[in-house]
Amino acid sequence: MAVVTNEPVLKVAGLTLHYLTRQGEVKAVREVSFELARGQSLGLVGESGCGKTSIANCLMRLLPDNARLVAGQVFLDGQDLLPLSEEEIRRFRWRRIAMVFQAAMNSLDPVYKVGQQVVEAIETHGVETTVAAARERVARLFRLVGLAPQLMERYPHEFSGGMRQRAVIAMALSCDPAVIIADEPTTALDVIVQDRILRELKTIQQELQMCIIYISHDIAVVAEVTDRVGVMYAGNLVELGDTAEVFRAPLHPYTAALLSSFPRISGEKRPLATLSGEPPNLIDPPPGCPFHPRCPHATAVCREEPPPLVSRGSHWAACWHPLDATLSPMGQADASR
Amino acid sequence: MENSGQGPARRDYLVAVEGLTKHFPVTRSLFRKPAGFVHAVDDVSFQLERGESLGLVGESGCGKTTVGKLLVKLLEPTAGGISFHFPDSAAGGAAGPVDAAAIKGRQMRAFRRQVQMIFQDPYESMTPRRTIYDTIAEPLAVQGIGDVLDRVGRVTDILTLVGLTPAATFLFRHPHELSGGQRQRVAIARALVIGPSFVVADEPTSMLDVSSRTGIMSLMQELAGNLGIAYLYVTHDLAVARYMCHRIAVMYLGKIVELAETEELLGNPLHPYTRALLSAVPVADPDYRREPPDIRGDVTAPVDPPPRCRFYDRCPRATTFCRDNPHPPTEEKAPGHWVACYEV
Ligand SMILES: Nc1ncnc2c1ncn2[C@@H]1O[C@H](COP(=O)(O)OP(=O)(O)OP(=O)(O)O)[C@@H](O)[C@H]1O
Ligand SMILES: Nc1ncnc2c1ncn2[C@@H]1O[C@H](COP(=O)(O)OP(=O)(O)OP(=O)(O)O)[C@@H](O)[C@H]1O
Ligand code: SF4
Ligand SMILES: [Mg+2]
Ligand SMILES: [Mg+2]
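Just so you know, the protein sequences line up as chains Y and P, in that order. Using this note's numbering, the first residue of the first sequence is number 7, and each one after it goes up by one. Using this note's numbering, the first residue of the second sequence is number 21, and each one after it goes up by one.
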């Protein structure tokens with residue numbers, strides 16, 4: 007089949023995922039859709055527990071037993087990954103789509119030397135044919151993430167938290183995948199090492215035209231390294247757009263709150279802002295707009311009806327009262343508020 | 021040398037660390053002699069008062085977690101000592117300062133009531149098959165605090181305080197049924213639930229969004245104010261340190277290279293490593309282009325480091341004097357501002 011250019015590398019459509027628990031179904035991901043073009047990077051931000059890792063796990067098809075995929079498709083190079091058998095998915099996982107796990111610190115096997123684990127990943131996927139070539143590749147990857155190649159001979163418990171995190175980044179890069187999902191990849195790194203790794207990742211991404219999804223609570227990192235950014239709240243993607251645009255002129259009140267609460271190390275020390283109200287209960291999410299109980303702009307319609315999508319070019323948000331009043335689905339009345 | 025650098029002897033200290041050192045052998049195989057030693061922590065000294073938070077920042081692998089584990093006695097030091105001065109003779113019934121090395125056996129339980137650690141990896145304080153309730157209630161059970169009903173109440177309260185609401189939907193979940201940030205909050209709840217005097221918090225909020233993080237930080241500060249809890253707060257996030265910590269210590273390869281009051285350190289960094297570190301903090305503005313930090317070469321591994329300044333290989337200001345002399349002494353360059361560098 008001829009490959010159509012401009013076709014997105016990754017296309018997620020209507021993804022909906024629930025977890026079954028004793029107290030009820032946790033609605034972790036609700037009708038999430040987005041696309042990624044070749045070489046593009048996407049930041050995924052949002053409150054702790056809003057469903058970011060759950061999306062990543064769907065893309066990798068690594069779901070726990072109590073997960074229930076309710077609806078949606080995940081197309082990688084035009085192939086829907088969700089209906090594939092476990093055996094079929096193995097041809098894609100790690101080789102085409104790889105992930106740096108959020109719990110990177112314990113995704114290494116304690117009984118094998120760290121270098122050996124990466125060498126094995128490379129051999130299993132047939133990226134290099136000889137052990138010597140595989141070891142050479144690992145040494146190069148180690149240097150890239152700021153680990154001395156001698157450290158290949160050490161065991162995970164002899165690594166610091168950040169060293170383990172870097173080893174896991176090296177592992178995700180080891181098979182030159184088309185898409186990398188990096189779930190909080192630099193939380194255990196100081197800013198100098200982080201700076202270096204983000205620069206290296208950017209270089210590789212451009213060279214190999216790789217897609218990267220960065221999941222991060224560090225909005226500054228997202229601002230620096232991503233082309234597009236998606237904002238999640240209570241399992242929903244509530245805003246998506248070019249990073250510069252979303253930061254300059256957010257449309258969704260949650261995004262605005264998220265951006266304004268970011269603390270700085272320079273300038274006057276201002277009191278930290280928190281979102282008032284409690285995080286949403288995903289077993290029994292609020293009706294209408296999920297953000298309405300905490301939203302300063304909420305009106306009656308927000309409490310009853312799910313919000314419509316409003317957009318400005320390729321930048322959209324799901325809100326009844328977007329921060330750009332000219333886009334308001336409520337018409338003049340709202341614009342004059 | 022009554023106090024080896026890091027600050028004048030403080031009046032009401034809770035923890036005093038003196039010359040703390042930890043070396044790990046690098047072994048190639050089980051039976052051979054070590055090929056060298058990782059100098060994970062090398063001659064570190066500082067003191068902490070009741071209710072004080074000291075931030076510990078520094079390069080990945082510089083020894084922060086090791087310092088924390090030494091303080092809570094999960095590791096034994098190679099050299100140096102730690103003494104605790106708990107309020108009203110809490111640990112082991114002894115009034116006055118207690119030498120950490122002397123706390124053994126039966127006294128450990130009393131020690132655990134006073135000193136807790138929030139691990140960098142939240143899984144380290146959890147067992148996969150234990151529910152969240154069991155995980156948080158365990159220290160209460162070990163210390164014999166309250167009956168079951170009372171514990172359910174306490175666990176519910178602390179879950180609510182750390183933002184896991186409604187608490188009832190979390191009590192009987194297992195660790196793998198939580199998001200990364202939710203697990204971190206369980207680890208925090210577990211450490212705080214018994215009301216310790218001193219908590220080593222090793223990157224406790226690295227997986228939390230700013231809003232949840234702010235909530236937790238206020239909770240921790242409130243406890244510091246009301247109960248006098250002191251924190252050693254390990255973090256890579258200098259903005260977090262700015263809000264949480266009274267003073268900040270900067271480590272590089274096993275050594276504290278700078279220590280000062282938080283605003284002083286952030287506003288007037290003196291050590292070349294601290295300067296590079298501050299310049300590398302990302303800025304939340306997509307149009308801003310940051311220069312790469314002023315630091316040379318690669319991350320160096322702390323295996324048998326040469327006797328000169330630990331930062332020599334990477335320092336933009338290094339001189340031949342730095343090359344030919346031992347690691348610089350820690351000196352007070354401004355009131356309460358301690359730096360170990362020949363060029364300051
Ligand atoms: N296996 C599971 N069973 C039940 N609930 C789960 C399970 N895994 C995740 N959850 C819940 O689903 C929601 C989404 O979790 P997810 O891990 O995707 O969040 P996240 O956005 O990655 O958060 P964080 O930033 O804290 O890592 C959370 O509220 C979490 O408690
Ligand atoms: N059990 C061990 N055996 C051998 N070496 C160890 C051991 N634990 C730690 N190390 C080494 O000691 C040094 C300090 O590790 P530590 O975990 O204290 O660093 P850290 O400052 O917490 O780093 P990070 O910010 O990456 O978590 C590292 O070089 C590490 O490889
Ligand atoms: S839809 Fe309403 S409640 Fe939701 S974010 Fe917009 S204004 Fe706020
Ligand atoms: Mg997550
Ligand atoms: Mg550590």
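Calculated directly from the structure, the hints in this document are not laboratory data. Don't take every hint at face value.
Said to hold, decoys possible - EDC-like cross-link-like pairs, simulated, lysine to aspartate or glutamate; straight-line CA separation at most 20 angstroms:
{"no.": "1", "chain 1": "P", "residue 1": "Lys93", "chain 2": "Y", "residue 2": "Glu164"}
{"no.": "2", "chain 1": "Y", "residue 1": "Lys275", "chain 2": "P", "residue 2": "Glu283"}
{"no.": "3", "chain 1": "Y", "residue 1": "Lys275", "chain 2": "P", "residue 2": "Asp318"}
{"no.": "4", "chain 1": "Y", "residue 1": "Lys208", "chain 2": "P", "residue 2": "Glu283"}
As the list claims (entries may be wrong) - Here are the simulated distance ranges between beta carbons:
{"no.": "5", "chain 1": "P", "residue 1": "Asn345", "chain 2": "Y", "residue 2": "Gln156", "range": "47 to 55 angstroms"}
{"no.": "6", "chain 1": "P", "residue 1": "Val172", "chain 2": "Y", "residue 2": "Ser282", "range": "49 to 57 angstroms"}
{"no.": "7", "chain 1": "Y", "residue 1": "Ala250", "chain 2": "P", "residue 2": "Asp314", "range": "44 to 52 angstroms"}
{"no.": "8", "chain 1": "Y", "residue 1": "Arg96", "chain 2": "P", "residue 2": "Pro349", "range": "55 to 63 angstroms"}
{"no.": "9", "chain 1": "P", "residue 1": "Ala122", "chain 2": "Y", "residue 2": "Thr136", "range": "54 to 62 angstroms"}
{"no.": "10", "chain 1": "P", "residue 1": "Val172", "chain 2": "Y", "residue 2": "Leu69", "range": "47 to 55 angstroms"}
{"no.": "11", "chain 1": "Y", "residue 1": "Glu129", "chain 2": "P", "residue 2": "Gln163", "range": "21 to 29 angstroms"}
Unchecked claim - Some chain P residues flagged as far from chain Y (calculated, every beta-carbon gap over 10 angstroms):
{"no.": "12", "residue": "Glu69"}
{"no.": "13", "residue": "Lys84"}
{"no.": "14", "residue": "Leu94"}
{"no.": "15", "residue": "Gly125"}
{"no.": "16", "residue": "Arg171"}
{"no.": "17", "residue": "Thr189"}
{"no.": "18", "residue": "Gly201"}
{"no.": "19", "residue": "Glu283"}
{"no.": "20", "residue": "Glu284"}
{"no.": "21", "residue": "Ala354"}
What you are looking at is a predicted structure, and each value in this text was computed from that prediction instead of being measured. Idealized CB from N, CA, C, for every residue including glycine.
Going through the hints against the structure:
Straight-line distance between C-alpha atoms of lysine 93 of chain P and glutamate 164 of chain Y comes to about 18 angstroms, which keeps the hinted pair within the 20 angstroms bound. Among the hinted pairs, lysine 275 of chain Y with glutamate 283 of chain P is consistent with the structure: their alpha-carbon atoms are about 9 angstroms apart, no more than 20 angstroms. For the hint linking lysine 275 of chain Y to aspartate 318 of chain P, the alpha-carbon distance of about 34 angstroms lies beyond 20 angstroms, and the restraint is violated. With a C-alpha separation of about 33 angstroms, the suggested pair lysine 208 of chain Y and glutamate 283 of chain P falls outside the 20 angstroms cut-off, and the hint is violated.
For asparagine 345 of chain P and glutamine 156 of chain Y, the Cβ-Cβ distance of about 28 angstroms falls outside the hinted range of 47 to 55 angstroms, so the restraint is violated. Under the hint 49 to 57 angstroms, the C-beta atoms of valine 172 of chain P and serine 282 of chain Y, about 28 angstroms apart, miss the expected range. The supplied range of 44 to 52 angstroms is broken by alanine 250 of chain Y and aspartate 314 of chain P, whose beta-carbon atoms lie about 27 angstroms from each other. The hint said 55 to 63 angstroms for the Cβ distance between arginine 96 of chain Y and proline 349 of chain P, and at roughly 58 angstroms that hint holds.
For the pair alanine 122 of chain P and threonine 136 of chain Y, the beta carbons lie near 56 angstroms from each other, so the given range of 54 to 62 angstroms is met. At about 31 angstroms, the beta-carbon gap between valine 172 of chain P and leucine 69 of chain Y misses the expected band of 47 to 55 angstroms. At roughly 50 angstroms, the beta carbons of glutamate 129 of chain Y and glutamine 163 of chain P sit outside the given window of 21 to 29 angstroms. Separation of glutamate 69 of chain P from chain Y is adequate, the least Cβ-Cβ distance of about 21 angstroms exceeding the 10 angstroms criterion.
At roughly 8 angstroms from the closest C-beta of chain Y, the C-beta of lysine 84 of chain P falls inside 10 angstroms, breaking its exclusion from the interface. Residue-level check passed: leucine 94 of chain P sits 13 angstroms from the nearest beta carbon of chain Y, beyond 10 angstroms. Look at glycine 125 of chain P: its CB is around 26 angstroms from the nearest CB on chain Y, clear of 10 angstroms, so calling it non-interface holds up. Against chain Y, the non-interface label of arginine 171 of chain P holds: every CB pair exceeds 10 angstroms, the least being about 20 angstroms.
The non-interface label for threonine 189 of chain P is inconsistent with chain Y: the shortest C-beta to C-beta separation is roughly 5 angstroms, within 10 angstroms. With a minimum CB-CB distance of about 3 angstroms to chain Y, glycine 201 of chain P fails to clear the 10 angstroms threshold, and the non-interface call is violated. Once the 10 angstroms rule is applied to beta carbons, glutamate 283 of chain P is inconsistent with being away from chain Y; the minimum gap is 7 angstroms. The claim that glutamate 284 of chain P lies off the interface holds: its Cβ sits roughly 13 angstroms from the closest Cβ of chain Y, which is beyond the 10 angstroms cut-off.
Non-interface status of alanine 354 of chain P relative to chain Y is upheld: no Cβ of that chain comes within 10 angstroms, the nearest being about 19 angstroms off.
Consistency note: the structure conflicts with the earlier hints numbered 3, 4, 5, 6, 7, 10, 11, 13, 17, 18 and 19.
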